[in-house]
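Generate the whole structure from the sequences, applying the supplied hints.
Going by my numbering, the sequence shown opens with residue 408, and the numbers climb by one from there.
Keep in mind the hints are simulated off the structure, nothing from the lab.
All values reported here derive from a predicted model rather than from experimental measurement.
Don't take every hint at face value.
Stated by the list, open to error - Quick list of in silico lysine-lysine cross-link-like pairs, DSSO-like style, CA-CA up to 27 Å:
id, residue 1, residue 2
1, K496, K421
2, K464, K496
3, K464, K497
4, K462, K438
5, K464, K438
6, K496, K438
7, K497, K462
8, K497, K438
9, K496, K462
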Amino acid sequence: MLIVAGTITLNAAKRAEADSAFAVMREATLKEPGCIEYQAYTDRGDAGVVFMFEKWKDQAALDAHFASPHMAQFGAALGGLGVTGMDVKKYEVASEGTVP
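What follows is the structure in structure tokens.
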């Protein structure tokens, strides 16, 4: 299983546009084979920071996601949101369990 998580920093004044772009992206992405979870959350202290969290079955599913038309559309939308930073990483997970 793969986890993709991190932050995207964008122009806070474009927040409504960002929310719309993330909503469209999430709806399409959750329908992809191998997508287990796909979320974007706003930082409570800074409307210009979005935390991304994704869970994928495997690398093939993530590769297919990156090649999807909605990913290209989302990338184009990000270009108009004043993105000033992106720190998103992929983690390979060997096991998963509850937190005591």
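Against the structure, the hints:
| no. | hint | result |
| --- | --- | --- |
| 1 | K496 with K421 | holds (24 Å) |
| 2 | K464 with K496 | holds (16 Å) |
| 3 | K464 with K497 | holds (13 Å) |
| 4 | K462 with K438 | holds (13 Å) |
| 5 | K464 with K438 | holds (13 Å) |
| 6 | K496 with K438 | holds (22 Å) |
| 7 | K497 with K462 | holds (10 Å) |
| 8 | K497 with K438 | holds (20 Å) |
| 9 | K496 with K462 | holds (12 Å) |
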